[in-house]
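Visitor: Make the full structure from the sequences, and use the hints.
There are 2 protein chains.
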Amino acid sequence: MIKRALPVTREADFSAWYQSVISEADLAEESGVRGCMVIRPWGYGIWERIQRLLDDRIKATGHENCYFPLFIPLSYFEKEAEHVEGFAKEMAVVTHHRLISDGKGGLTPDPSAKLEEPLVVRPTSETVIGTAFARWIQSWRDLPVLINQWANVVRWEMRTRMFLRTSEFLWQEGHTAHATAAEAREETLKMLEVYRSFAEDCLALPVVAGEKPENERFPGAVATYSIEAMMQDGKALQAGTSHFLGTNFAQAQNIRFQNAAGELELANTTSWGVSTRMIGGVIMVHGDDDGLRVPPRIAPWQVVIVPMLRDTDEDAALIDYCKALQADLAKLSALGEPVRALLDLKPAKAATKRWGWVKKGAPIILEVGGRDMAGGNVSVIRRDRLYREDGKLDSAAVAQEAFTAGAAAMLEEIQGALHVEARQRLEANIARDVTDFTGIERAFAEGVKNPGWVEVQWSKPTGPGLDKVVERLKALKLTVRNVPSDAAAADGPCVFTGDPAVERVLVGRAY
Amino acid sequence: MIKRALPVTREADFSAWYQSVISEADLAEESGVRGCMVIRPWGYGIWERIQRLLDDRIKATGHENCYFPLFIPLSYFEKEAEHVEGFAKEMAVVTHHRLISDGKGGLTPDPSAKLEEPLVVRPTSETVIGTAFARWIQSWRDLPVLINQWANVVRWEMRTRMFLRTSEFLWQEGHTAHATAAEAREETLKMLEVYRSFAEDCLALPVVAGEKPENERFPGAVATYSIEAMMQDGKALQAGTSHFLGTNFAQAQNIRFQNAAGELELANTTSWGVSTRMIGGVIMVHGDDDGLRVPPRIAPWQVVIVPMLRDTDEDAALIDYCKALQADLAKLSALGEPVRALLDLKPAKAATKRWGWVKKGAPIILEVGGRDMAGGNVSVIRRDRLYREDGKLDSAAVAQEAFTAGAAAMLEEIQGALHVEARQRLEANIARDVTDFTGIERAFAEGVKNPGWVEVQWSKPTGPGLDKVVERLKALKLTVRNVPSDAAAADGPCVFTGDPAVERVLVGRAY
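In the order they appear, the protein sequences are chains E and U.
Residue numbers for the first sequence follow full-length UniProt numbering, so the first one is 1 and each next one is one higher.
Residue numbers for the second sequence follow full-length UniProt numbering, so the first one is 1 and each next one is one higher.
No wet-lab data here; the hints were simulated from the structure.
Treat the hints with care, since some could be wrong.
Any copy will do: because identical chains look the same in the list, a pair fits if it lies in one copy or spans two.
Straight-line Cα separation of at most 30 Å, DSS-like style, residue types lysine-lysine; simulated pairs [claimed, not checked]:
1) K104 x K79
2) K59 x K331
3) K323 x K59
4) K79 x K89
5) K104 x K89
6) K468 x K89
Guide: Structure follows, in structure tokens:
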């Protein structure tokens, strides 16, 4: 049996494995501040890549970036009842603007510096951005308004988990206003598709895009859509959402415009976001028992060169050889961008560095020793296929020129291979043969290997009918994830009610 | 007399002019949240350009980006007495994590959700990053640690002014730890030089780099350096700072490492930052009575194409002509990057658009009408020289091919021209002939045109001696800006004390 680089395997304890990847790959750590993490350079580097690639797509679809205040006055929230109901329980509230000595060597909020109106640290920005929209929009000529913001937000979660659910997290939130409901719906679906294709193309993350059921809507939304990814433990991760808000927020915030006929109308608005949570998804989809495997498009460094330094006179020549290699690689273009190659000269043993980069998941690791240099070679480790069939580490010496000539293609191959592997796992783990509720119970019974998700037909109940379905599923720790946009048409009875089904839904456990 | 595009001139009311540029160029606006602004797309686009260019330089000098929590527990601040003393008066404090109904239809912080330890919204992150450094650093092999963070910070300012002083602002803060004081001092000066060259090369902002006097040091620092820019009203703007923190924070946060000899030592740390304040500097250095002039390197769009549409059948052909022009420009490279060209198809009159882009300060505006198209021409407006000698708008029709062939060079010329203009103004407005305090009084007397700054010699008093100098200057609304790194050696008496001078300092009014 091969000894893997992590202290725990996915099989043994998926949750402990997840934490160990985060820690061993230097992605993030607990900060000492409740529920907040420190995102370390490798983790933040992945986020920067996600930002760059997604931002390009957000701009290419006509949106402009802005920045709105971190603080939102309480009164802004009070205007949209459902919205505040959804967030009031988890809001961080600023009440004072000065500290004074507590007389015991410590500090305390200054009672004479109490704010007249408390400020909420934004959990999301519909209310403050909507207030700006009301100022900006007078006429149909001002529409559409297409805005995005990259920001931190705070939701005071009781149980936190790094990347997946933290009190503070980083995200982008798009906010748009349109003249008609049809245009706003089109925008909602357009951004859902931007998220879907971004997840597939850049993160190598297969996802199912679809509408969330009524009970899972964003507070204040008319319709919420999501992309759902399947983790290696079979659970779902909601990796991005897009909301059609109708005129709900426009009504609350008085976003009105004069139409071409001179009449005053309410605008229709949308909002959509993805967050650092996506990194949690990348870990749980692409990680293995040796750590993370980062898809090349979002890898801060795609090729890492580790010279086998020995504190001898030969080192200088070896470093020069590696620098020339790095320079050659930097001239290449792969996956639409210049190749990112790092020469790792930190003072540590080569083997420590190798396993450090394996755990971090750099797509290609090049080890270069004296013998490699003498032969004009490099020893190549591909992170997506780390071991040979006999269980030994697959490190092959190849001619440096041949490696460089094929490096771009190899990165593209790795990106594709990770995607295919994850896509096959997703497809293999959606059970489509469940036709009654007993089948759902059987699939998710204690001791049964998690089937992933089941796709079942339902009659799309609402109100108390839906509540009942939600309750029955909750008893099994299940939720309806979404109604896949590309699912086949319904053609039988609802698994919950026996009534004729109208659509197919995915049911599973979720993060 | 030419009628300018802004409602007020610099000459008539510099402060009102500044606000009008911000508003007329759609850079930012009041948010309705006390002291916080909304940064609109053109303003945020400039910030994104600043981020991209400065981030490249920060990374090229070996720093990696991270992200640390927004919230800092009170106890972290209590450890460094000077530091907390400097910030306690302006800290936003989170005391609750939930809202409940106030029984009157509104909301109020839930008394049962009061935090045990209040959290401060970060005014700067030395304390929380230092705590992480203490975890990360054990051995000399772990050093140096070179970290940067792009983030929002909050300082509860009583008087706010857009970009220059807002309760929340955006910045980058670098934090590093080193084995020796010498290395940390070297880092402090290296980053000061990164800021200086960035301001000059990218923002076309001439600055004076130098050490701040003792009384202007960052709370807790051993030495603080700044770059100071001169606004068109003669006032100074501190546009970036770099701090050598010695072992002060390492002591407070227990950042220790084992040196090569096995002994435990305190690390030496630094911090350095620039913020959205820089945009205020760009406005007050490059703006004119028609609005902003954005240096091409930080212009979100460098060339804006305005087709003179007339709602006729000819429009389609005109748009095609402009699209081809835009595509040709996008193939060019200027100032080290692809040219950023926008085709403005918004539904507004061409003249309105022209003046909109003049006020925003797009470096080159191309107007294209039917006659231009017929002749294969474009009408070129250069924002840095808007008027001819006779006072008329300088808009010249030139062959499209000739324009495209010269566009990259024209952008580089504009970047250079703005820099030279500002550099000459700076040089012309530093008085170096003041040899006694009466000279300072005369220079800044009521009714006298502000000389800009005076460079005087001083004996570098400390303690009560310095306090006295600060008081005398304060009566004239003056401060010592910094000790220019490249100033000539002292060779006469101190203007304040009459003692032999040891260095030259810049004195001026400041934002």
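Visitor: Determine for every hint whether it applies to the structure shown.
Guide: Evaluation of the provided hints:
1. Taking the closest pair of Cα atoms, K104 and K79 come within 30 Å of each other only across two copies (14 Å); inside a single copy the shortest separation is 42 Å, beyond that limit.
2. For the homomeric pair K59 and K331, the shortest alpha-carbon distances inside one copy (27 Å) and between copies (19 Å) are both at most 30 Å.
3. In this assembly of identical chains, the alpha carbons of K323 and K59 lie at most 30 Å apart only when taken from different copies (18 Å versus 36 Å within one copy).
4. In the homo-oligomer, the alpha carbons of K79 and K89 lie at most 30 Å apart inside one protomer (17 Å), although the nearest pairing across protomers, at 32 Å, exceeds that limit.
5. Proximity of K104 and K89 under a CA criterion of 30 Å is satisfied inter-copy only: 18 Å between copies versus 33 Å inside one chain copy.
6. For a Cα distance limit of 30 Å, the shortest separation of K468 from K89 inside one copy, 25 Å, qualifies, whereas the shortest one across copies, 54 Å, does not.
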